[in-house]
Amino acid sequence: MRKTARNGHRPVAPVAWSVGGGWIESVVGSMFSGKTQELIRRLRLAQIARQSVQVFNSALDVRYAKDHIVSHDLNKTPSIAVAKARDILTRVRCDTQVVGIDEVQFFDEDIVDVCETLADQGRRVIVAGLDQDYRGVPFPVTCRLMGVSEFVTKNLAICTVCGNPANRSQRLSGGRKVVEVGAADKYEARCRRCFKR
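Going left to right, the sequence shown walks through residues 3 to 199 as our numbering numbers them.
Keep in mind the hints are simulated off the structure, nothing from the lab. There may be inaccurate statements among the hints.
[Said to hold, decoys possible] Here are the simulated PhoX-like pairs of lysine-lysine, each with C-alpha atoms no more than 25 Å apart in a straight line:
hint, residue 1, residue 2
1, K86, K68
2, K156, K198
3, K156, K188
4, K78, K188
5, K78, K198
6, K188, K68
7, K68, K78
8, K188, K198
[Unchecked claim] Here are the computed distance ranges between Cβ atoms for each label pair:
hint, residue 1, residue 2, range
9, K68, R88, 11 to 21 Å
10, C145, L62, 18 to 28 Å
11, P80, E152, 18 to 28 Å
12, Q49, D75, 15 to 25 Å
13, D97, G165, 15 to 25 Å
14, R88, P140, 17 to 27 Å
15, R137, D97, 17 to 27 Å
16, R43, C96, 22 to 32 Å
We put the CB at the ideal spot given by N, CA and C, even for glycine.
Working from the sequences, and respecting the hints, build out all of it.
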């Protein structure tokens, strides 16, 4: 039986089975570039290899489902929605080998320390998220995660205007909030030339 800490949560113990230690993989890009799809693909491969996997997402992202991460082409996998980054540390199981985190740009700054802690414990951590907001300004959290990641994958979408590679997310709704959750109803992928600030 696992011991429980005074706060009611199981303590997060170092993961002894990881010979080479843990690492962080970042999958970044614009909207509609296949970030969540790639995250799900990597998680499924880990499951096929009989690795213990847990997936987390921000409680802010309720576009498709609260208890799953879902790609725009409707691939999905079960997840645990958390309000704050540090909540991940209290929810991760001791036997979890691979941790997936979707939409990292929605998390507070603590997400970087959380990912580093999980990797330092010997876990493989795979994060996916936007690298720029609707203005083309880099998300600080995503940039920091890219800086501490062992592996970074930059996905490009296809510009909905001209068909060139797209690295920007054009907001269609006209709002000014930096974080506005939405999908094709509020955003389009755009290239540098077709992007309007």
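To see whether the hints hold, each was checked on the structure:
For the proposed pair K86 and K68, the alpha carbon gap of about 15 Å is at most 25 Å, so the pair holds. Taking the CA atoms of K156 and K198, the gap is near 21 Å; set against the 25 Å cutoff, the hint holds. About 22 Å separates the Cα atoms of K156 and K188, which keeps this hinted pair within 25 Å; it holds. Taken as a hint, the K78 and K188 pair is honoured in the structure, with Cα atoms around 21 Å apart against an allowance of 25 Å.
Straight-line distance between C-alpha atoms of K78 and K198 comes to about 32 Å, which puts the hinted pair past the 25 Å bound. For the hint pairing K188 with K68, the CA-to-CA distance comes to about 20 Å; that is within 25 Å, so the pair holds. Of the pairs offered as hints, the one joining K68 and K78 holds, with about 11 Å between alpha carbons and a cut-off of 25 Å not exceeded. At most 25 Å may separate the alpha-carbon atoms for a hinted pair to count; K188 and K198 meet this at roughly 14 Å.
For the hinted restraint 11 to 21 Å between K68 and R88, the CB-CB distance of approximately 20 Å keeps it satisfied. Judged by the Cβ atoms, the range 18 to 28 Å given for C145 and L62 holds: they are separated by roughly 19 Å. Between P80 and E152 the beta carbon distance is about 26 Å. The supplied range of 18 to 28 Å therefore holds. Q49 and D75 have their C-beta atoms about 19 Å apart, which keeps the hinted 15 to 25 Å range intact.
The supplied range of 15 to 25 Å is broken by D97 and G165, whose beta-carbon atoms lie about 46 Å from each other. Separated by about 23 Å at the C-beta atoms, R88 and P140 satisfy the suggested range of 17 to 27 Å. Taken as a hint, the range 17 to 27 Å is violated for the pair R137 and D97, whose Cβ atoms sit roughly 42 Å apart. Between R43 and C96 the C-beta distance comes to about 26 Å, which sits within the given range of 22 to 32 Å.
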